[in-house]
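Fit the two chains together into the complex; they arrive one by one in their own frames, and the hints show the way.
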Amino acid sequence: MFEKYKPINDKMYQVMDNKGNLILKDWKGSLSDKQLTQAYLDMLFERTADNMAVSFQRQGRMNTYPPNLGQEAIHIAVGKVLTADDWVVPAFRELGVYLAAGASLMEIFLYNKGNENGLKYINAPHLLPMSVPISTQLLHATGLGFSINYKKEKGVVFAFVGDGGTSEGDFHEALNFAAVWNTPVVFIIQNNQFAISLPVKQQTKSINLAVKGIAYGIPSLKVDGNDFLAMHDAVSYARKNAADGKGPFLIEAFTYRMGAHTTSDDPTKYRTKDEDNSWKEKDPLNRLKAFLTKKKLLKGIDEEKLVDEFKQKIEKEFEAAEHAPEYKLDEVFDSMYEQIPDELKRQKHAYESFLLYKEKVQ
Amino acid sequence: MKVMNIVQAINDALDIKLAEDNNVLIYGEDVGVEGGVFRVTEGLQKKYGANRVFDSPLAESGIVGAALGIAINGLRPVVEIQFDGFSYPAFDQIISHVGRYRNRTRGKFTAPLVIRIPYGGGINALEHHSESPEALLGQIPGVKVVIPSTPYDAKGLLIAAIEDNDPVIYLEPKRIYRAIKQEVPEEKFAIPIGKAKVLSPGDNITVIAYGAMIREVQKAMVMAKSKGISVELIDLRTIWPIDRDTISQSVRKTGRSLIVTEAPQSFGAGAELISIITEEAFLSLEAPPTRLTGFDTVIPLPMGEHFYMITPERIMYEIEKLVSF
Chain A
1 MFEKYKPIND KMYQVMDNKG NLILKDWKGS LSDKQLTQAY LDMLFERTAD
51 NMAVSFQRQG RMNTYPPNLG QEAIHIAVGK VLTADDWVVP AFRELGVYLA
101 AGASLMEIFL YNKGNENGLK YINAPHLLPM SVPISTQLLH ATGLGFSINY
151 KKEKGVVFAF VGDGGTSEGD FHEALNFAAV WNTPVVFIIQ NNQFAISLPV
201 KQQTKSINLA VKGIAYGIPS LKVDGNDFLA MHDAVSYARK NAADGKGPFL
251 IEAFTYRMGA HTTSDDPTKY RTKDEDNSWK EKDPLNRLKA FLTKKKLLKG
301 IDEEKLVDEF KQKIEKEFEA AEHAPEYKLD EVFDSMYEQI PDELKRQKHA
351 YESFLLYKEK VQ
Chain B
1001 MKVMNIVQAI NDALDIKLAE DNNVLIYGED VGVEGGVFRV TEGLQKKYGA
1051 NRVFDSPLAE SGIVGAALGI AINGLRPVVE IQFDGFSYPA FDQIISHVGR
1101 YRNRTRGKFT APLVIRIPYG GGINALEHHS ESPEALLGQI PGVKVVIPST
1151 PYDAKGLLIA AIEDNDPVIY LEPKRIYRAI KQEVPEEKFA IPIGKAKVLS
1201 PGDNITVIAY GAMIREVQKA MVMAKSKGIS VELIDLRTIW PIDRDTISQS
1251 VRKTGRSLIV TEAPQSFGAG AELISIITEE AFLSLEAPPT RLTGFDTVIP
1301 LPMGEHFYMI TPERIMYEIE KLVSF
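From first to last, the protein sequence lines stand for chains A and B. Its first residue numbered 1, the first sequence is counted upward by one per residue in my numbering. Its first residue numbered 1001, the second sequence is counted upward by one per residue in my numbering.
Bound conformation, chain B alone (with noise of 0.2 Å):
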């Protein structure tokens, strides 16, 4: 066990699959010599060389569309975007051919490509680098959508993501890149692509988050405690394909619901969670399966977007509504 930051333990885990699988490579802009504006990849060009781990020039689509060429030929390309604001040019490949050439082609081609996208606000950022597009991301057929929580699970998805042999989009909450340590194995582990987890049992209300919510639910958690309320809180961990079994049982068992999300509200992640709450769990319900969301504006610039983020007395404030309803 070692402590590790989220960005320590995506690095431990691109450092492990470079180490033993001379098919990975790494590009993106400023991942080489400077290891990323975020230092995610510090460290691998020195290690691994110029040829396994390089910048690349700065296009985003130029960035996607290649990986997908590269990975048809075998190889698994690990890309990084470097703030999810860029990640729209790259779209038109995510839509139209990363997550196609499987079905197109009936399994002879296929894309086992990893996306690397930091995402979300609360950073005090510019314009176009506090977005979450997970809803936009999880529309689209053929890819998965992976997002940690905690630098354990940080480890575990991106090493699961790299083994997987379909293209996986692996967003990563930046606003808690180094806020939370924790003790990690330093050993080679893989957490399943496709399940939630439930993070703390409780009784009276379950609340399902992921990425940068989890710690904010937590925090609101210690409120509810305190007023006698137990939360089953729920990290989602994968957006696409959903875990609808986790969650049904989870609503089934509590009767009430929260979905967490810092995305804008209408159709994103809390309305899909929703629906599958409404569909099967529909007669445990005492509650309206509720949201707290962004609002379905831009993210403000750092001055007004203490207005857009959710707080744990936001959370606190649902969750005591709900209770109460």
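One chain only, chain A, in its complex shape (with noise of 0.2 Å):
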């Protein structure tokens, strides 16, 4: 399918233009009419959610929130074609990712609010927690992907990464491992162009990022992470190929970090004004509205008053996280191993005695 776009010609893969006008004239995607739009509607709450998720951080209720602005497409993508069976192995950039796994906005708020139960993901028996190290969590991935060829399983995994992880050893034997295995990974890596501050010209002198995958004999691709069509084209073909026994799939989704870093970071030290415009023109949200304006798809839907329910929505889930239970002691401890060792809890009862002689004290 996508033979004219191999990555060592650098050629990536785009169906429409920025202005949603289709760039491949006889383009029939796999969504219908009512899918694609439920698509846009996803990324807008992805969108609306983040952005709430930021100014929670900037109110001084949540810590430190790495922001998903602009990456909306290849989230949705993912979350389309993700099944029952398959499993997402998380950096920790993918929100849209993760609602769509089953994972609550309670539980993310939660978590970076600074609770762990936020990773349980109750709801979403197959989702990993972020990573924080960079690139460690494909190796998951890939033993992931061992698991389901040996239980005989159903699923694949999506597997994240950013440009930054490309240049990570556990990168190269995560691929590596997933080929000579054959196992059914789909490795996406998000190049929003930036590590924190460094450009991804800075990071590899490789002509492209999906170029990396072909000498561990990994299908690759190139594709345009703001072209929500394009990107889902590329997500279902790959988990099709990985679900058909074909082993691993790497897509490098080419997009752009529209926020910071995280919201510790101010990306005005290394970015230009001029970049940063030049990217707003290529907006996955716009690109897909357009598209659907076009088609006449959005006629009825009322967006302002749509947002407007998202946000109460969101308000909802982030009370929920500010209202969950208090952090307990025993929490410190109970999860550290199936039963408490005798050292651990002589260290919690150490604590505890602590407590005890500052209570007498007051």
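Hints are supplied without guarantee of correctness; some may be wrong.
[To be verified] Covered by chain B, per the in silico footprint, the following chain A stretches (three or more residues, Cβ under 8 Å):
no.: 1; stretch: 171 to 183
no.: 2; stretch: 287 to 301
no.: 3; stretch: 341 to 353
[Claimed, not checked] Straight line, CA to CA, 27 Å or less: simulated DSSO-like cross-link-like pairs of lysine-lysine:
no.: 4; chain 1: A; residue 1: K152; chain 2: B; residue 2: K1046
no.: 5; chain 1: A; residue 1: K151; chain 2: B; residue 2: K1188
no.: 6; chain 1: A; residue 1: K345; chain 2: B; residue 2: K1195
no.: 7; chain 1: A; residue 1: K345; chain 2: B; residue 2: K1253
no.: 8; chain 1: A; residue 1: K151; chain 2: B; residue 2: K1108
Just so you know, the hints here were simulated from the structure itself, not pulled from any lab data. Glycine included, every Cβ here is placed at the ideal spot set by N, Cα and C.
Structure representation (structure tokens):
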């Protein structure tokens, strides 16, 4: 399907232009009009939740948060092809994927407020927790892929990494093992052009990031990550490829981090306004919206009203996170092992006797 | 009962678990066709097939990181790191993820995997083939670290490790892989992780050791006995979670203690054990708790290794000093 888009020629798969016009004239996607419209609404929801998360952080109600702004097409495209059998192995900037996998915003907020209970993802049995050390999680994806083959299960694994992560050794080990073991893993590099402050040019001399998969024998594709239609084609194909027993697939989703790395970061130090503005024209929401508008699919949708409803829902989730039970001393110890070793019990008791002492002296 | 050395006992434990639990699988460098560079997994690929016992690409972080993914989906991988000195690339996975997955997900995901690592010096090897990383590993929250010193313990501890629902690092004292033969039950049995063992009761001094050092202490004990010194020898067996009770009970009785380890001294298992002894047996102490360890140096290449390795004579020297303190 993607013969014309060999990474070595640096050809990027795109379906529509910035104005929502089809570049591939006889393109026919696999989603119905209704599904396409829903995809746009999901992207809108992700963006609304993401913006609110940033303001919760700014209000001091949440700790550091990594904004997703500008990368929603990638997330919702994966969300649309995800089945209940599939696994998701996140990096940490894939909000829409977590929601599609069954995580609640309450949990995501709770984690970002600083509570491990937010990583339980109670209704997402196959969603792994976010991984802070870069690229280390890709090996878990490879291992999960192996386990799927071993147990003759149906699912595939979607594993995420950023452009900076392609420099880490674990990236290469994960790709190599995945290929040798023929595991059903779809690796998705969200190339948002910057690893905190470092531009891709200083990260690698490779012509692009997709080309890195080729040396490992993994079919690889560079995709316009801001083009929902292209992303959906790519992840559908990659998922089927993996599910059919053809092994891993690598997608470089070429995109732009329109926000900061995290709420602690100031991108004006390393990016120009011109650069930011040029990417605003490629905003994934505007592009899909323009495409849908031309097809007259957004008639009867009151976006403003919808966003208000989203905001109310998101606010409720945040309030639930704020009202989560207080963090208990037991929680520091209880989940380290299946049974708490005596030595940990002793350390906990030592702290408890300090608490008793403190009560007495006060 | 069957007479086995440590290599055979480990192989036997793996054989038993592969036979009874289809979720158990083995991989690592050269563990399949070749049966491992120490032949620990010999014959297992032939018996259980290359889908359950196989060679992986040569990358230690990859081996351990993938094992975590495999374990998260309910399987029980037993992976081999070929030599102690090659375990360091896997430390990131062990520290950052393997030990943390249960806690991070509040028990939703667990990591019931076993990492086998031949360790220790005294085998005339190249650099990076004679290291003792047990204290480095013992500091990592969320994992358990065990070390057998006999064929019996090798089998029982490995079965316990594979059946444990938490990650276990199983260090194999390669120097005594074939040095000790012992009758070992042919059926399955497990030795509880976290329990030290009093190998021989005594009155005058407690000596605590593990792995290949046990045999050296036992040789020293023959000399001690001839001088009328009664030594209580404890095999720690588990580095973490450490068995505070067995250690403190013994030292409360003897009042004197010597810890013998091959690893570097500072911040090592000896330091931990002496802290425990001081906390728990302070009023019973007749002499300063003492450690005899490797130097805080790189372990020398074979021509200089004799300066570094702990010998029965050096153990005896310390025992005599402590008893006459």
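Given pair status - K1108 of chain B, K151 of chain A, alpha carbons within 27 Å:
Between K151 of chain A and K1108 of chain B the Cα gap is close to 20 Å, so the pair holds against 27 Å.
Are K345 of chain A and K1195 of chain B close enough, with their CA atoms no more than 27 Å apart?
16 Å, holds
Holds or violated: the stretch 341 to 353 of chain A covered by chain B, criterion of 3 or more residues with Cβ-Cβ distance under 8 Å?
holds (count 5)
Taking 8 Å as the C-beta cutoff, is the stated coverage of the stretch 171 to 183 of chain A by chain B satisfied by three or more residues?
With 5 residues close enough to chain B, the hint holds.
Mind checking, does the stretch 287 to 301 of chain A have 3 or more residues with a CB under 8 Å from chain B?
n = 0 at 8 Å, threshold three: violated.
Hinted pair K152 of chain A and K1046 of chain B, Cα distance within 27 Å
22 Å, holds
Between the alpha carbons of K151 of chain A and K1188 of chain B, is the straight-line distance 27 Å or under?
25 Å, holds
Holds or violated: K345 of chain A and K1253 of chain B, Cα atoms, limit 27 Å.
25 Å, holds
Hint violations for this structure: number 2 only, all remaining hints satisfied.
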